Amino acid sequence: MQSKLSWQEFIITRAIKASGYSAIVFVALIFYFLLREGLPTLGEVPLGDLFAARWYPIESYFGILPLLSGSLLVTVGATLVAVPFGLGTAIFIAEIAPRWAREILKPLVELLGGLPSVVLGFLGILALAPNLRVFLNLPTGLTALTGSLLLGGIAVPTVVSVAEDALDSVPRAYREGAWALGATRWQTIWRVTLPAARSGVLTGIMLGVGRAIGETMTVMMVTGNAPVLATGLGAFFSPVRTMTATIAAEMGEVANGSVHYHTLFFIGMVLFLISLAVNVTASAMVFRSQKRAERVLS
Amino acid sequence: MNKLLLNRNQTQRLGFALLTVMAAITVLPIILVVFYVISQGGAAISWEFLSGFPRDGMRQGGILPALVGTLALTVGTAIFSVPLGVAAAVYLAEYAPENGLTRLIRIAIINLAGIPSVVYGLFGLGLFVLFLKFGTSILSASLTLSIMTLPVIISTAEEALRAVPQAFRTVSISLGATRWQTIRRIVLPEALPGILTGIILGLERAAGETAPILFTGAAFFLPRLPNSPFDATMALPYHLFVISTQVPEMPFQIQYGTALVLIVFVLGMNLIATIIRSQARARRQW
Numbered sequence: 001m002q003s004k005l006s007w008q009e010f011i012i013t014r015a016i017k018a019s020g021y022s023a024i025v026f027v028a029l030i031f032y033f034l035l036r037e038g039l040p041t042l043g044e045v046p047l048g049d050l051f052a053a054r055w056y057p058i059e060s061y062f063g064i065l066p067l068l069s070g071s072l073l074v075t076v077g078a079t080l081v082a083v084p085f086g087l088g089t090a091i092f093i094a095e096i097a098p099r100w101a102r103e104i105l106k107p108l109v110e111l112l113g114g115l116p117s118v119v120l121g122f123l124g125i126l127a128l129a130p131n132l133r134v135f136l137n138l139p140t141g142l143t144a145l146t147g148s149l150l151l152g153g154i155a156v157p158t159v160v161s162v163a164e165d166a167l168d169s170v171p172r173a174y175r176e177g178a179w180a181l182g183a184t185r186w187q188t189i190w191r192v193t194l195p196a197a198r199s200g201v202l203t204g205i206m207l208g209v210g211r212a213i214g215e216t217m218t219v220m221m222v223t224g225n226a227p228v229l230a231t232g233l234g235a236f237f238s239p240v241r242t243m244t245a246t247i248a249a250e251m252g253e254v255a256n257g258s259v260h261y262h263t264l265f266f267i268g269m270v271l272f273l274i275s276l277a278v279n280v281t282a283s284a285m286v287f288r289s290q291k292r293a294e295r296v297l298s
Numbered sequence: 001m002n003k004l005l006l007n008r009n010q011t012q013r014l015g016f017a018l019l020t021v022m023a024a025i026t027v028l029p030i031i032l033v034v035f036y037v038i039s040q041g042g043a044a045i046s047w048e049f050l051s052g053f054p055r056d057g058m059r060q061g062g063i064l065p066a067l068v069g070t071l072a073l074t075v076g077t078a079i080f081s082v083p084l085g086v087a088a089a090v091y092l093a094e095y096a097p098e099n100g101l102t103r104l105i106r107i108a109i110i111n112l113a114g115i116p117s118v119v120y121g122l123f124g125l126g127l128f129v130l131f132l133k134f135g136t137s138i139l140s141a142s143l144t145l146s147i148m149t150l151p152v153i154i155s156t157a158e159e160a161l162r163a164v165p166q167a168f169r170t171v172s173i174s175l176g177a178t179r180w181q182t183i184r185r186i187v188l189p190e191a192l193p194g195i196l197t198g199i200i201l202g203l204e205r206a207a208g209e210t211a212p213i214l215f216t217g218a219a220f221f222l223p224r225l226p227n228s229p230f231d232a233t234m235a236l237p238y239h240l241f242v243i244s245t246q247v248p249e250m251p252f253q254i255q256y257g258t259a260l261v262l263i264v265f266v267l268g269m270n271l272i273a274t275i276i277r278s279q280a281r282a283r284r285q286w
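Chains as they are written, first to last, in our numbering: chain A, 1 to 298; chain B, 1 to 286.
Hints were generated in silico from the structure; no laboratory data involved.
Treat the hints with care, as some may be off.
Which stretches of chain B does chain A cover? Using the computed rule of at least three CB atoms under 8 Å from a CB of chain A, they are [to be verified]:
no., region
1, 10–24
2, 97–109
Simulated pairs of lysine to any residue, SDA-like, Cα-Cα distance not exceeding 20 Å [said to hold, decoys possible]:
no., chain 1, residue 1, chain 2, residue 2
3, A, Lys-106, A, Asp-165
4, B, Lys-133, A, Ala-255
5, A, Lys-17, B, Pro-97
6, A, Lys-106, B, Leu-267
7, A, Lys-17, B, Thr-102
8, A, Lys-106, B, Phe-35
9, B, Lys-133, B, Phe-80
10, A, Lys-106, B, Ile-275
11, A, Lys-17, B, Ile-110
12, A, Lys-17, B, Arg-103
13, A, Lys-106, B, Arg-205
14, A, Lys-106, A, Ser-161
15, A, Lys-17, A, Leu-29
16, A, Lys-106, A, Asp-168
17, A, Lys-106, A, Pro-84
18, A, Lys-106, B, Gln-279
19, A, Lys-106, A, Val-83
20, A, Lys-17, B, Glu-98
21, B, Lys-133, A, Gly-252
22, A, Lys-106, B, Leu-271
23, A, Lys-106, B, Ile-25
24, B, Lys-133, B, Ala-219
25, A, Lys-106, A, Glu-95
26, B, Lys-133, A, Met-251
27, B, Lys-133, B, Asn-227
28, A, Lys-106, B, Ile-30
29, B, Lys-133, B, Ala-232
30, A, Lys-17, A, Ala-28
31, B, Lys-133, B, Asp-231
32, A, Lys-106, B, Ile-276
33, A, Lys-106, A, Ser-169
34, A, Lys-106, B, Phe-16
35, A, Lys-17, B, Arg-185
36, A, Lys-17, A, Ser-6
37, A, Lys-17, B, Ala-96
38, B, Lys-133, B, Pro-226
39, A, Lys-106, B, Arg-281
40, B, Lys-133, A, Arg-36
Bear in mind the structure is a predicted one, so any value in this text is a computation, not a measurement.
For each residue, glycine too, the CB sits at the ideal point set by N, CA and C.
Let the sequences and hints guide you as you build the complete structure.
As structure tokens, then:
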């Protein structure tokens, strides 16, 4: 009995340990398959053609610059929406709102985070785009701006929840110290609480921006899908196409193993590397701030 | 401090008002969206709509195959991601030493959470559909979705396990229980509500996703229900995408109805998770 038990325990412990490592295995597998299917592009399309301004795969134009600029444009727009509103809402919830307002606001923001992106895209097409078109007098409502507004909405819950956590974890004594010195609550927020929560707030913003870069369905549905190189701010009011939308829209129709197929995987690889960079930086910031907190506390 | 027209109390009042307005602007559209979809889609909901097949190029009839497909994908995702995710959380909370390797695991989890959903779709296509030859199927799509769901389940379950007081473990071990017996009989049952919450939140995300299943398991239109894990399937989010972008002259009512069913499905799961969490909190004695 005893030996059977310890034998069982041995196996279970091994299985648990193996599961623990699974996350590393999956990240490695994902990277491996992106490389395996994406790297052949470099042999098939000359670098000069790959970083060219024309994406028209039917005639073998594989320039990814329009897609990069599309992603950049929409992401910058989304950041301009998500940072002020996300941060404003986080500060309001953490520092100003009375208890009842907090109890209403937090679930509502979580609700926004839970809405499937395809629903936001759907509403973008039917409700937001037609109004923007009339309001701004544009030929079409499906533009980079429409995508930016919706993506901003998608990034807001991430910014709010991470930033609010960071603000919440600033020790109360910091605020009391500032008030005791005669600072108003407003001054305390800007001069004491927010600087103390800086790394958490930045992490929230980075993760929000990361979500915006990777968002697929919403941008595919509302940005008009025109792979045109953006050359100025006017591009906000015309259709664009992002890297994610290009993969989603075209992968279903390509022949496996073709140049087009490899190039779409190559774009996926670029997206993977961007998200890797964003997340490693964000987690490094968290680790650093934890270490600092440990130093302060000990 | 302010040399302009405002003294610092007025600055504060103005600033607070500004933040209040910003929070309101952030939240009001959410309420508006939910009520708008309910009011527009409510009229489409009927037993026929929920239990019928799409007809006339999807412009009439119901959404049964999409609804069943999303259920199948959610269950399939749970089969793979729940055991693996909970086991990984147990490892991180109960076994993992504080060293570089554990830190690497944590960084990998954060990265899994941040990888764009369409990249998961590419990966699923490369590994499950083509390399392992599972084809465009419920199996491939579920496997893809479960890897995407893993970070949510691991991090919430780990948090729930860590919240169980250390004394519980000490007492159990001191009574002669082994480490695994302690985890199985004491720690896991105590952490169960938190773990369930994490599982439901993860599955909620999987149920609403479109991009990962685009090339791994989603079908544009099927006149029948899928009858094996190796069949492709219709799914609610993909169906909503199809009828709002690919089908010309699609009646609005069916579009809003489909959106409403999807929202109810996803937010219903969210609600269940919230209820489990708050009940467990109320009942907890430690």
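Just to be careful, I want the Cα atoms of Lys-133(B) and Phe-80(B) compared with a cutoff of 20 Å; is the pair within it? holds (18 Å)
Please verify whether Lys-17(A) and Ala-28(A) have alpha carbons no more than 20 Å apart. Since the Cα atoms of Lys-17(A) and Ala-28(A) sit roughly 18 Å apart, the hinted pair holds (cutoff 20 Å).
Assess, step by step, whether the Cα of Lys-106(A) is no farther than 20 Å from the Cα of Ile-25(B), and give holds or violated. holds (14 Å)
Keeping to a limit of 20 Å between CA atoms, is the pair of Lys-106(A) and Pro-84(A) held or broken? Holds: Lys-106(A) and Pro-84(A) sit about 17 Å apart, inside 20 Å.
Distance restraint between Lys-17(A) and Ala-96(B), which requires alpha-carbon spacing of 20 Å or less: holds (8 Å)
For the pair supplied as a hint, Lys-106(A) and Glu-95(A), confirm whether the alpha-carbon distance does not exceed 20 Å. The given pair, whose Cα atoms are some 13 Å apart, holds under the 20 Å limit.
Restraint check for Lys-106(A) with Asp-165(A), where alpha carbons must lie at most 20 Å apart: holds (12 Å)
Please verify whether Lys-133(B) and Ala-255(A) have alpha carbons no more than 20 Å apart. Satisfied, since the Cα-Cα distance of roughly 16 Å is no more than 20 Å.
Mind checking the alpha carbons of Lys-106(A) and Arg-281(B) for me, to see if they're no more than 20 Å apart? Cα-Cα ~18 Å, so holds.
Between Lys-133(B) and Met-251(A), does the CA-CA distance stay at or below 20 Å? holds (18 Å)
With the threshold set at 20 Å, check whether the alpha-carbon distance from Lys-133(B) to Asn-227(B) stays at or below it. holds (19 Å)
Between Lys-106(A) and Leu-271(B), does the CA-CA distance stay at or below 20 Å? Distance ~14 Å between Lys-106(A) and Leu-271(B) Cα, so the pair holds.
Violated hints for the displayed structure: none, as all numbered hints are satisfied.
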